[in-house]
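Please work from the sequences and hints to get the whole structure.
Listed here are the chains, written in short residue letters.
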Amino acid sequence: MTYEIIASGFGGQGILFTCKMLAEIGLLDGKEVSWLPSYGPAMRGGTCSCSVRVSEKLIDSPLVTSPNLLIVMNLPSYEKFVPAVKAGGKVFADSSLINSGVKPADGVDCFMLPATKLALDNDLKSMANIIMLGKVFKETGFASMETVEKALKEITAKKPHLFDLNMKALDLGINYSA
Amino acid sequence: MDINMSERVLMKGNEALAEAAIRAGCRCYFGYPITPQTEIAAYMARRLPKINGVFLQAESEIGAINMVYGCAGSGARCMTSSSSPGISLKAEGISYLAGADLPCVIVNIQRGGPGLGTIQPSQADYWQATRAIGHGDLRIPVFAPATVQEMVDLTTKAFEVAEKYRTPVMILADGFLGQMMEPMSFSGEDKSGKREEPFAWGAFGHGNKRKKNIVNSLYLKPEALEAQIEERFKRYKQIKEKESTAVCGEQAETAEIIVVAYGCTARTAQAAVHKAQDEGLKVELFRPVTLWPFPEKQLKDACKNAKTVLVTEMSKGQMVDDVKLALECKIPVEFFGRTGGIVPEPDEILQKIKEMVVN
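Quick mapping for you: the protein sequence lines, in order, are chains F and Z.
Following the numbering used here, the numbering of the first sequence begins with 1 at its first residue and continues without gaps.
Following the numbering used here, the numbering of the second sequence begins with 1001 at its first residue and continues without gaps.
Just so you know, not all the hints are guaranteed correct.
Unchecked claim - To be clear about the criterion: a stretch of chain F counts as covered by chain Z if any three or more of its residues have a C-beta under 8 Å from a C-beta of chain Z, and this derived list gives those stretches:
#1 4–11
#2 29–40
#3 54–65
No lab work stands behind these hints, which were simulated from the structure alone.
C-beta atoms are modelled at their ideal positions from N, C-alpha and C, and glycine is treated no differently.
In structure tokens form, the structure reads like this:
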């Protein structure tokens, strides 16, 4: 299947990195991928978003307007992108930072998890994004954990101590239940 | 930077382009920061000093292009990059480079204009690149990549063409291509950091062992200037004959509508065309890779059986003239575009295609 992904949150939450990781995993799996950031006069604390496509086929347009996988880590992102999610799509939202009356459409699964709180409680500050990814990997067939680990090893090759921390964060997301 | 030559890795368009230039043997870069192309300069600043190259952040775009003029004049391979308003500043220098027959690569990662416009992607510098890049009787080859892989491949090609015909060459991309990451790989010879002899015609020191090489764009005798321009236009003719390039989909033969788009708009147009084909519509995409020379013959061939042509761009329709000229106005040409930094979305283009089918 083709994953049409949008991740969005505050600058500094690691949105671009989250997307890079998804793209790297896709590439390791032999898929076609594209990574397109929204760029602008952004600053820490401002909203930042990024689109990723992962597909068996060559990617025509890297733009994503209606995602089938949405990762949102702040309220404005949630309210902006949730209504755009395709039927059958999945939403992953950080409930520590999002409390909204906006509900996803019928046929859209929404997974809320307090990623930011989990990160703080477990001494994994600034790794809420990776906790979110753990949940994404658990609830979708995005990639095998073997591929995820391999991608993470490559990404953290220059800072190996980060590998274990990232794995710990992933596990928190995978094992979280409400 | 350790990149396995054949391995596909993710890289940003701007950085991939910069690495490709280094691998093509470019050791001298002069530039000035401007969004959305700054990653090119930043990459060069990191890489070039490590391979005994020169990275110089000039005081302005005007300074940078004149450093390119001096560097190219001494027979070295060099480049500069900027984004739309910065390219306007370079215009005078580019004209001098063309007037002195100097090879170099100039990259424009376009943003919206006129004026300071926006930092979002645009294709509104088509006219500037293909018609009026500087004063005087001149043309420069313009390459328009549509993928990160092409940011690499066309950069290699741009240096080859620049040196073969002794002309400045432009890579005309946009903020979208500069900022995005896609898998790409490097192929061909890696000349990074290799010390090469300057080009034989360059104005470099020789201890009076040969006749002076003069690099100049000033000809006070009109006949001499005319002769020089005539000679240059013979090269332009060769460029037109040999270098025009385009990519056309397989269903052009039976297509009733040919969509013409380049660069990043070709990507969203491709998505629209595939959707239209899935719905049974007879549509195909034609993508110019060189904007000057415009692939006239290829477009004519692609439109043999077409009833109408749709041009789509991130501008108010700057490529439309070239399409009409190539088709000698024998087929109606329609236009759909967005401007101001907005990328035309596949569904918008699809809707326009459907309107054309109904009419």
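Exercise. Checking against the hints above, which ones are violated?
Worked result: 1
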